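Asker: Listed below, chain by chain, are the residues.
Protein chains: 2
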Amino acid sequence: MEHLNQSFTVQYQYNIFFTSALFSPENELLNSFLVNLNPAVTVKKILFIIDEGVANAHPALIKEIQTYFYKYNRTQLVQDILVIPGGEVVKNDTRYFDQVLEAINVHGIDRHSFVAAIGGGAVLDMAGYAATVAHRGIKHIRIPSTVLSQNDSGVGVKNGINYFNKKNFLGTFSPPVAVFNDELFLSTLSDRDWRSGIAEAIKVALIKDAEFFEWLEANATALAARDTEAMNYQIWKCAKLHLEHIRSADPFENGSARPLDFGHWSAHKLEYLTNFEVRHGEAVAMGIALDSVYSNLSGRITADEAQRVINLIQQLGFELTHPLLQVTEGNSPILQGLEEFREHLGGQLTITLLTGIGSGEEIHEMDAEILKQAAEILNNQSVTIQH
Amino acid sequence: MEHLNQSFTVQYQYNIFFTSALFSPENELLNSFLVNLNPAVTVKKILFIIDEGVANAHPALIKEIQTYFYKYNRTQLVQDILVIPGGEVVKNDTRYFDQVLEAINVHGIDRHSFVAAIGGGAVLDMAGYAATVAHRGIKHIRIPSTVLSQNDSGVGVKNGINYFNKKNFLGTFSPPVAVFNDELFLSTLSDRDWRSGIAEAIKVALIKDAEFFEWLEANATALAARDTEAMNYQIWKCAKLHLEHIRSADPFENGSARPLDFGHWSAHKLEYLTNFEVRHGEAVAMGIALDSVYSNLSGRITADEAQRVINLIQQLGFELTHPLLQVTEGNSPILQGLEEFREHLGGQLTITLLTGIGSGEEIHEMDAEILKQAAEILNNQSVTIQH
Ligand SMILES: NC(=O)c1ccc[n+]([C@@H]2O[C@H](COP(=O)([O-])OP(=O)(O)OC[C@H]3O[C@@H](n4cnc5c(N)ncnc54)[C@H](O)[C@@H]3O)[C@@H](O)[C@H]2O)c1
Ligand SMILES: NC(=O)c1ccc[n+]([C@@H]2O[C@H](COP(=O)([O-])OP(=O)(O)OC[C@H]3O[C@@H](n4cnc5c(N)ncnc54)[C@H](O)[C@@H]3O)[C@@H](O)[C@H]2O)c1
Ligand SMILES: [Zn+2]
Ligand SMILES: [Zn+2]
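In the order they appear, the protein sequences are chains D and G. Numbering-wise (UniProt numbering), the first sequence opens with residue 1 and increments by one. Numbering-wise (UniProt numbering), the second sequence opens with residue 1 and increments by one.
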């Protein structure tokens, strides 16, 4: 009998809003979003999940949320606000995932209601995953509270948790219905977390936008000194470039090209080897330094260009490299990491290198000898590199 | 700062193939699909999950699969074929979900490899869910082995398991990369399971296709007598109508219109109340009878039309109703079911009724008195209904 063909497209659309004091009674942004998204006859519920790090740093937050929805009562706040640990532990231990499902069940959150998560990338990844599988997908709202989650992880389409000791082994490609970036959350970040997320801006500027790279160079000192205005622009621009990339390429990663993973192959291995003691952004900064020097040593960019990358990374206060990134005799962890990445991609390596400030190319092989040299150069904090 | 907008579309596409003896060494269908989908430099793996009911009824199956991939070795068969119980238990107990994840992990199945499930709707739902969340989505192949899964559940886009004692509490909208309907599996079905799935054909014919309804009337005796040719056409046509509906409407159910749930609101409640002792299709047949008589009593279709529905259901060997579907004093389970369905839809009831053979309309209120009358008429197996 003749085979049947199914074919359809699904449209995805959401906004990323930038605001200050999201839950101030005067700030109508969230309320008008909720009311307009689903102009409905009945009252919709909203369940909040909050990162403990945020709740502790902002002790008035829960009260503010309650006051907000007492005023804007077209959406019914679930009074039982769930506070869960921040950081990787929330993705490692499925107990927290179950807690979110339990709250969704107990409070009768259905596909017409909302789950809103406030937190760093880890809490957003986990809560987003729970929301997107409960009832085959509840509308979820992300309220990122770290630089990394405001400029990168929180504005994208991925959710996930770790399982079998593997990073993001379980997850979904499923966008939020909206993202609210509130600058006030960033004030309570540690210096490390403030800095860390900026690595993603360097990454996306290097492969997509020379002008933005120049802006980062010009504003490195302000960013390092925790200047709010510079930070706000950095987040807005970096989020914009990420969104454009996701849109223009392959949003749910059905192919294997992943240029936005520039600098990430070695970073992932390093995070893992240090048991996440080295932050994601810190590892990415080192990964960018490594692949930039490699790009120079392999003749793709000039020494001056590589030097500019190194200078920017240092001005922002990042370390340039880590002992575990050195290529030593036999099976160095970094060469193992390269091999694992190849396997992960299904046998063929695809890595982005730079061909200039603002442009990259995909390569399918890396030379161990050049890698060794690049790592050594960074280890010596050498400022003179091959011309 | 100006908000950012994200907007993109994702294209979904897959084929439903009809065949006989899928794993016969002469049958190149599956192999050519696998090889053509992903013309790749490297060997891809395929992991099989098999419904125990199928494995027992077809004791040579595993050997046939091994022989098949020994011949067609461009795809690497995971020798460890996972056999799991069939039926609702496999969706109720998360142990089986974990077994599939474990196999995916242990055998290194990545986003370039395949998970293929052979079984009834329950096994396909569970294995599909596991595949679509592992690594944020491994390509999954469905090989349905029941009438219901070949003509309805297996050709659609939904996956899921039960949780917190709730049907499909966890799940995804995520289509397979292909469906292979092999007629040979159906020969070993019990009479109940053979018949049960035909209820979905009655359903979709009634709301979409008068001609197909007439075909079902003309072939009811052959279908009841387990005629293979009639069954094959029924499955092909019913699958086609389901696919068209999914495509034309709202594939991932972002709105709330669900015309393909005709006859299902009371069926779901009945399945649940009888602890799934009444099969899905059996309950749907009763639900269709109820809503058809209701459609007549509320002036939407003629008595003759309602009678034709009743006759067809009876000719196929279905029961017309169940004591638990009667409306009694106070809170009958069926009225409770209606209320729960309203809540499930977020406050506004949406139910499809018939306006003729082959056409339906959505209504937002049901009258308890008419419902009582309709249930009584069916209970008396009355063949004379109101003109
Ligand atoms: N989904 C994606 O596309 C994507 C992309 C990149 C990274 N990620 C994930 O993001 C995670 C890392 O996210 P992260 O860098 O935001 O760190 P994080 O979520 O691990 O949080 C770091 C720490 O900061 C605390 N914190 C959060 N906000 C705070 C605030 N406003 N004030 C004070 N403390 C606060 C947290 O409690 C935690 O202890 C990783 O799990 C990574 O896998 C996801
Ligand atoms: N995903 C969807 O869109 C969707 C739609 C409708 C129903 N469903 C789900 O489908 C499930 C019901 O599926 P079903 O009706 O196919 O029944 P089933 O999967 O429960 O299987 C019924 C029994 O038949 C056995 N079996 C399966 N194939 C056989 C064969 N060829 N020979 C002998 N025995 C065989 C099984 O082992 C099981 O014991 C429910 O869980 C329901 O929720 C899903
Ligand atoms: Zn990153
Ligand atoms: Zn059904």
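If you are wondering where the hints come from, they were derived from the structure by calculation, not from laboratory data. Model, not experiment: these values are computed from the prediction. Glycine residues also receive a C-beta, built at the ideal position from the N, C-alpha and C atoms. Hints may contain errors.
Unchecked claim - Some chain G residues close to chain D (C-beta under 7 Å, calculated; not the full set):
| id | residue |
| --- | --- |
| 1 | S7 |
| 2 | Q11 |
| 3 | N105 |
| 4 | K240 |
Said to hold, decoys possible - As a list, the in silico BS3-like pairs of lysine-lysine whose alpha-carbon atoms are at most 30 Å apart:
| id | chain 1 | residue 1 | chain 2 | residue 2 |
| --- | --- | --- | --- | --- |
| 5 | G | K44 | D | K158 |
| 6 | D | K167 | G | K44 |
| 7 | D | K167 | G | K158 |
| 8 | D | K158 | G | K237 |
| 9 | G | K167 | D | K44 |
| 10 | G | K158 | D | K158 |
| 11 | D | K166 | D | K45 |
| 12 | D | K45 | G | K237 |
| 13 | G | K167 | G | K237 |
| 14 | D | K158 | G | K167 |
| 15 | G | K237 | D | K166 |
Asker: Now, for every hint given, state plainly whether the structure supports it.
Answerer: Consistency of the hints with the structure:
Using the Cβ-Cβ criterion of 7 Å, the hint placing S7/G at the interface with chain D is satisfied: the shortest such distance is roughly 4 Å. With a cut of 7 Å, the hint placing Q11/G at the interface with chain D holds, because the nearest CB-to-CB distance is about 5 Å. Satisfaction of the interface hint for N105/G is found here, the shortest Cβ-Cβ separation to chain D being roughly 5 Å, below the 7 Å cut-off. Among the interface hints, the one on K240/G holds; its C-beta lies about 6 Å from the nearest C-beta in chain D, closer than the 7 Å criterion.
The straight-line distance between the Cα atoms of K44/G and K158/D is roughly 25 Å, inside the 30 Å bound, and the hint therefore holds. In summary, the hint linking K167/D to K44/G is supported, as the alpha carbons are separated by about 22 Å, within the 30 Å threshold. Of the pairs offered as hints, the one joining K167/D and K158/G holds, with about 26 Å between alpha carbons and a cut-off of 30 Å not exceeded. The straight-line distance between the Cα atoms of K158/D and K237/G is roughly 37 Å, outside the 30 Å bound, and the hint therefore fails.
With a C-alpha separation of about 22 Å, the suggested pair K167/G and K44/D falls inside the 30 Å cut-off, and the hint holds. A C-alpha spacing of about 20 Å is found between K158/G and K158/D, which places the hinted pair at or below 30 Å, so the restraint holds. For a cut-off of 30 Å, the pair hint linking K166/D to K45/D is broken: about 34 Å separates their Cα positions. For the hint pairing K45/D with K237/G, the CA-to-CA distance comes to about 41 Å; that exceeds 30 Å, so the pair is violated.
Under the criterion of a C-alpha separation no larger than 30 Å, the hint pairing K167/G with K237/G is consistent with the structure, at around 28 Å. Only pairs whose Cα atoms come within 30 Å are accepted, and K158/D paired with K167/G is accepted, the gap being roughly 26 Å. For the given pair, K237/G sits about 44 Å from K166/D by alpha-carbon distance, which is inconsistent with the 30 Å threshold.
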